[in-house]
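*Asks:* Letter by letter, the chains look like this.
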Amino acid sequence: MPQRYLAGALALFTCAVLGFGNSSAFAADEYDYDLVHSSITFKARHLDISWIHGRFNEVSGKFSLDREDPSKSTFQLTIKADSIDTANKARDEHLRQPDYFDTKQYPTIEFQSTSVKPIKGGYEVTGDFTMHGTTKEITFKMMGGEEHDFKGTKRVGFSTELSLKRSDFGFDKRAIGPIGDKALVIIDCEGVRK
Amino acid sequence: MPDPWLYLQATAASAIVSAACVLAMARLQRSGQAAWFSTVCVPGIGAGLVTGIHLLSLSPAWPPANALDRFFALVIPAALVVELISGISRVAGQIAWWLRIGLAISIPRILLHGSVYLTGMDSDWPLWRTSVAMAISAALLVGIQVLLVRLSERSPGVSIPLALCLTIQSAGMTVMLAGYIKGGAAALPVVATLAATTVVLWLVRNRSDGSAVCGTAVSVLSVIVGIGVVGLFGVVFIGHFFGRLSMGSALTLLLAPLLCWVPQLPQIRPRSPLVIGLLRLVLVAIPLIVVLTLAKQTFDREMGPLLTQQFPVTAVPRRLHQ
Numbered sequence: 001m002p003q004r005y006l007a008g009a010l011a012l013f014t015c016a017v018l019g020f021g022n023s024s025a026f027a028a029d030e031y032d033y034d035l036v037h038s039s040i041t042f043k044a045r046h047l048d049i050s051w052i053h054g055r056f057n058e059v060s061g062k063f064s065l066d067r068e069d070p071s072k073s074t075f076q077l078t079i080k081a082d083s084i085d086t087a088n089k090a091r092d093e094h095l096r097q098p099d100y101f102d103t104k105q106y107p108t109i110e111f112q113s114t115s116v117k118p119i120k121g122g123y124e125v126t127g128d129f130t131m132h133g134t135t136k137e138i139t140f141k142m143m144g145g146e147e148h149d150f151k152g153t154k155r156v157g158f159s160t161e162l163s164l165k166r167s168d169f170g171f172d173k174r175a176i177g178p179i180g181d182k183a184l185v186i187i188d189c190e191g192v193r194k
Numbered sequence: 195m196p197d198p199w200l201y202l203q204a205t206a207a208s209a210i211v212s213a214a215c216v217l218a219m220a221r222l223q224r225s226g227q228a229a230w231f232s233t234v235c236v237p238g239i240g241a242g243l244v245t246g247i248h249l250l251s252l253s254p255a256w257p258p259a260n261a262l263d264r265f266f267a268l269v270i271p272a273a274l275v276v277e278l279i280s281g282i283s284r285v286a287g288q289i290a291w292w293l294r295i296g297l298a299i300s301i302p303r304i305l306l307h308g309s310v311y312l313t314g315m316d317s318d319w320p321l322w323r324t325s326v327a328m329a330i331s332a333a334l335l336v337g338i339q340v341l342l343v344r345l346s347e348r349s350p351g352v353s354i355p356l357a358l359c360l361t362i363q364s365a366g367m368t369v370m371l372a373g374y375i376k377g378g379a380a381a382l383p384v385v386a387t388l389a390a391t392t393v394v395l396w397l398v399r400n401r402s403d404g405s406a407v408c409g410t411a412v413s414v415l416s417v418i419v420g421i422g423v424v425g426l427f428g429v430v431f432i433g434h435f436f437g438r439l440s441m442g443s444a445l446t447l448l449l450a451p452l453l454c455w456v457p458q459l460p461q462i463r464p465r466s467p468l469v470i471g472l473l474r475l476v477l478v479a480i481p482l483i484v485v486l487t488l489a490k491q492t493f494d495r496e497m498g499p500l501l502t503q504q505f506p507v508t509a510v511p512r513r514l515h516q
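Line by line, the protein sequences give chains C and U.
In this text, residue positions in the first sequence follow our numbering: the first is 1, and each later residue adds one.
In this text, residue positions in the second sequence follow our numbering: the first is 195, and each later residue adds one.
This list has only true hints and no planted wrong ones.
Within a straight-line C-alpha distance of at most 20 Å, the following computed SDA-like cross-link-like pairs (lysine to any residue) qualify:
id, chain 1, residue 1, chain 2, residue 2
1, C, Lys89, U, Thr492
2, C, Lys89, U, Gln491
3, C, Lys173, U, Ala255
4, C, Lys173, U, Leu200
5, C, Lys80, U, Met315
6, U, Lys490, C, Asp92
7, C, Lys173, U, Pro196
8, C, Lys62, C, Pro107
9, C, Lys136, U, Pro257
10, C, Lys173, U, Asp197
11, C, Lys80, U, Ser317
12, C, Lys89, U, Arg438
13, C, Lys89, U, Gly498
14, C, Lys136, U, Trp256
15, C, Lys80, U, Pro320
16, U, Lys490, C, Ala90
17, C, Lys80, U, Leu312
18, C, Lys80, U, Gly308
19, U, Lys490, U, Leu360
20, C, Lys173, U, Trp256
21, C, Lys173, C, Thr130
22, C, Lys173, U, Asp263
23, C, Lys173, U, Tyr201
24, C, Lys173, U, Pro254
25, C, Lys80, U, Ala259
26, C, Lys89, U, Asp494
27, C, Lys173, U, Ala259
28, C, Lys80, U, Trp319
29, C, Lys89, U, Lys490
30, C, Lys80, U, Arg438
31, C, Lys173, U, Leu249
From chain C, some residues computed to sit far from chain U (all C-beta separations above 12 Å):
id, residue
32, Thr41
33, Asp69
34, Gln76
35, Ala183
The hints are simulated quantities; they were obtained by calculation from the structure and are not laboratory data.
Ideal Cβ positions, reconstructed from N, Cα and C, are used throughout, including at glycine.
Please construct the entire structure, taking both the sequences and the accompanying hints into account.
*Replies:* Okay, here's the thing in structure tokens:
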């Protein structure tokens, strides 16, 4: 009989601990990057007279949003460099080579936030951006963040634009050629709540 | 973008520095000892390589970040050290071969370090497949090195390193045509230094007298061939695994120098050294011309439109013309 009480007490204790654990986890909402409703595109100047557009087709990531304490929010994104798509197969193959993205050596482009500040209409996010084996700290404004319930699934959306210099990330300056050094990256992402 | 003027400058500078270093050091000891000449060749080749690499802005980062960095920072210096040791007469030939084999086994692993082939991030390349590829590559490297060094010992002649230079140059051009410009440019200083050292060897041999000549030639040829085979292997391996050099082209480029063995056939062997040398170069050039022609055709088909901005009209839907 005392053993049964002991087992009951243990079960209660376990439930309580798990319950508390869950409640603290729920303080920050966790979202998975929704590949279907998101896009990471870029454009770079060609001969300084026009723009070449492209996108990365394989992206994964997650973000957690702490509504009460936004500084505890985090953003993480992983782009498969191999999935570059500029609507020209030969150019894509060329961009995958070591003169450019060197996708066999550096298969991913990654971002991991280190600090998040709330601003009007979104967040100011600072973090480590790793591309072509080089990590640089970047800061950008992620606009959005409002949650929407769609058919019982909570979703949240963000968008941002950031300007990156390829030469800052160890790309060969000579290979930059007629394509401008600066690339404008446009991120529109939707997260699905876990 | 490829810069032919820069390539020319780097090639010339590499060749001049190598030739000057080897000649200057060879003058220090006029006795023409084989071991001495082989030993001075290695720093001469090293100095030429450093010059060329610097001019081409290919100086490796430290720690090496990519395959080309590892090639110039680890593989080439290791090959130079191995050949330096091999050139010392006091070192037994067997030890030199063990060193060469050890290096050959390490090179594929060094060049693939940190890449998708070893991290398992590419589902097409599970670890077992990479291990098999590395083992076959190492075996090929050892095999080619053994056969060419043996040929240099059996029938010495400057045509062997020159054929090797021709192959490395073709490998560089093929890698470039496949879209990896820096990978192709990496061949230039290797070719320039080896060709310059070979020419110096030829000059010294023609001026030297009798007994020392043969020993010097064999010993130095082995050193040049040893470094050359590693250089060729590096350019082809990086071009295939990191660039878009096809397996067929890679194997043809690697195996082409072995055609230098053909004039060893009993029917051809009695011919004069000049005929044998020319025949070696012609035989090696044939597969190289085929590989380069195919690479150029692929380049014109795939990359040409990107440069000329002209796409086939047939690709445009007819409705747009109406």
